[in-house]
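Chains as they are written, first to last, in the working numbering: chain A, 59 to 257; chain B, 768 to 1239.
Just so you know, the hints here were simulated from the structure itself, not pulled from any lab data.
For each residue, glycine too, the CB sits at the ideal point set by N, CA and C.
Check the hints yourself; a few may be wrong.
Stated by the list, open to error - Ranges of calculated distance between the beta carbons of each label pair, as one might list FRET restraints:
| id | chain 1 | residue 1 | chain 2 | residue 2 | range |
| --- | --- | --- | --- | --- | --- |
| 1 | A | E116 | B | D1164 | 58 to 64 Å |
| 2 | A | G95 | B | G1206 | 46 to 52 Å |
| 3 | B | K928 | A | A255 | 45 to 51 Å |
Stated by the list, open to error - Cut-off 30 Å, straight-line C-alpha distance, at most; resulting in silico cross-link-like pairs (DSS-like, lysine-lysine):
| id | chain 1 | residue 1 | chain 2 | residue 2 |
| --- | --- | --- | --- | --- |
| 4 | A | K90 | A | K114 |
| 5 | A | K90 | B | K929 |
| 6 | B | K957 | A | K61 |
| 7 | A | K256 | B | K1148 |
| 8 | B | K929 | A | K243 |
| 9 | B | K1130 | B | K775 |
| 10 | B | K928 | B | K957 |
| 11 | A | K243 | B | K775 |
| 12 | B | K1205 | A | K119 |
| 13 | B | K839 | A | K256 |
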Amino acid sequence: MEKFISHTGTGVPLRRSNVDTDQIIPAVWLKKITRTGFEEGLFAAWRQDPEFVLNKPEFAKGTVLVAGADFGTGSSREHAVWALQNYGFRAVISSRFADIFRGNSLKGGLLTVVLSQSDVEAIWAAIESDPKTEITVDLEARQVRYATTSVGFEIDDYTRWRLMEGLDDIGLTLRHVDAIDDFEKTRPAYKPATLPAKV
Amino acid sequence: MALTLAEKVWRDHLVRSADGEPDLLYIDLHLLHEVTSAQAFDGLRLAGRKVRRPDLTIATEDHNTPTIDIDKPIADLVSRAQIDALRNNAVEFGIRLHSLGDADQGIVHVVGPQLGLTQPGMTVVCGDSHTSTHGAFGALAFGMGTSEVEHVMATQTLPLKKFKTMAITVNGKLKPGVTSKDIILAVIAKIGTGGGQGYVLEYRGEAIRALSMEGRMTVCNMSIEAGARAGMIAPDETTFEYLKGRPHAPQGADWDAAVAYWSTLQSDPAAKFDAEVILNADELAPFVTWGTNPGQGLPLTANVPNPNEYSDPEERNAASRALEYMGLTAGTPLRDIKIDTVFLGSCTNGRIEDLRASAEILKGKKIASTLRMLVVPGSAKVRLQAEAEGLDKVFLDAGAEWRQAGCSMCLGMNPDQLAVGERSASTSNRNFEGRQGKGGRTHLVSPLVAAATALRGTLSSPADLDSAKVGA
């Protein structure tokens, strides 16, 4: 996984709440069996509207998505994270993320930053008045900075360390394979197994 | 220390706990389907890893599968390639797979319980958000993304941050015509689509205890629609009765040992929940959604809301966008909304009891000539059971279509989709924009409301049938 320490880019204001993962990447796109090539599917239905924010030339190159509350609700599809990353987004800012989407994003190196709704609105106002406004999402300092404003955000030490080192969870867990072996010896006999199949 | 049900299951699966790190939890059952597994298998191959416990893993084909002509090759080549990838991966990694045409094929969340693989006190995961369904057995069950699918395949564990707990108590008794679907739609309308974020929900109270396993699965299934990754119900006699004799349920001495353990799986009386919500079942009525998220629901007797009535600007905005997408006018009685397609099925309401309840209303009647009705059993076994009971005849005689098992129109990954502007009454779980087909409009309903709506042509409850001329 690519390390994430700090990222600076322009923002895209998505003034909608409850953006579910079916909007981020519609189901018809989920048939692909790769992790790449989802950028065209990102917000596919909404992008048919010429007024949609991603279709505005001034926001076409943004890398920090600034969205309304409850971003990423619904389906657990990690394809939503891949679509945002494939398109070029490195970070998403919202006042609230759905749990599974947040987990998926932080596994895959897309930084999801929780700020208060008033901070989100202040960023919307800033980037709408000047789309060239640069936003820095600084994971090391746990800060979002733009123009003359600086806002702190919370992220637990472990996740921050993992993202900054670009470590994947499987490798980390396999360091504790002995603990897994030990646990398995304590599992009760009545726990079901799928094999051999009984029908 | 007094513990909640969720905390007990967590404690009993703790592989490792260290300060400043997420807990490492052991996973008892990993369910796979074609859509969220291919990239995870690729990851294993790239790293030269195996599936650690194929014997705790099971796969089925459900999201992409057609519901007609299943004996022919899948016409959609991209769908076919994804199914083929799962078949090849299952062979390569030694995973049990129930393919299209197999008697145990079906929606992953219908298949697990029906085989007796979902049991109380287990940890159950799947790359699908409706894994919360299995919480109906008192399992800690939740959906995850593809990276986590790969993690579980490689290690049979997941690193997880502790959840908070929320008790949702439903007191009293449901009135006739009101179902578990109405309970959960009312819960979501009350706490909102983000209300459960960070929580495991535990449903309790007289009305929950009175539900069958099917009804409990419907409630837990839609926990995710309230933002909660998992929902649980403490196991009881209803649970044990459902499990006994199922293919993978314990037998003999194992059964006794299991029941002894399962019987300890209740929240302790002194256990503290981080949040509590109380509903009264007597006050619930058949519920439908009018908007584009599952929290935008109202009793069927209400009118389409006026966005201006919302004080919160965010909600006002969302309501007005939703009405525009749904093609609805504020003030219209919900009962006057004309429906084009009725969909009975999905992991929410595609079980035998759902089909029975709906068939009971349709029996001897004809659906309105202005709409189509698709009946899609949740699994091949449910289909066979329904046919043994003659339910297929009831649906066919009423003018509905009787299909093969799968996710079907719940998410429209197969050819079962709404056309642009088409309006459905659907027993599924999500009314998101375009969920059932691009431009399609979805109203979430119970199987009873689905049947009554099919007869009258507009959103209706069974009570509306008594006074009306039906099927003419």
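These are the hints, each one checked on the structure:
{"no.": "1", "hint": "A/E116 with B/D1164: 58 to 64 Å", "in the structure": "holds (60 Å)"}
{"no.": "2", "hint": "A/G95 with B/G1206: 46 to 52 Å", "in the structure": "violated (24 Å)"}
{"no.": "3", "hint": "B/K928 with A/A255: 45 to 51 Å", "in the structure": "violated (35 Å)"}
{"no.": "4", "hint": "A/K90 with A/K114", "in the structure": "holds (28 Å)"}
{"no.": "5", "hint": "A/K90 with B/K929", "in the structure": "violated (33 Å)"}
{"no.": "6", "hint": "B/K957 with A/K61", "in the structure": "violated (41 Å)"}
{"no.": "7", "hint": "A/K256 with B/K1148", "in the structure": "holds (14 Å)"}
{"no.": "8", "hint": "B/K929 with A/K243", "in the structure": "holds (24 Å)"}
{"no.": "9", "hint": "B/K1130 with B/K775", "in the structure": "violated (45 Å)"}
{"no.": "10", "hint": "B/K928 with B/K957", "in the structure": "holds (26 Å)"}
{"no.": "11", "hint": "A/K243 with B/K775", "in the structure": "holds (19 Å)"}
{"no.": "12", "hint": "B/K1205 with A/K119", "in the structure": "holds (27 Å)"}
{"no.": "13", "hint": "B/K839 with A/K256", "in the structure": "holds (27 Å)"}
Checked against the numbered hints above, the structure breaks hints 2, 3, 5, 6, 9 and satisfies the rest.
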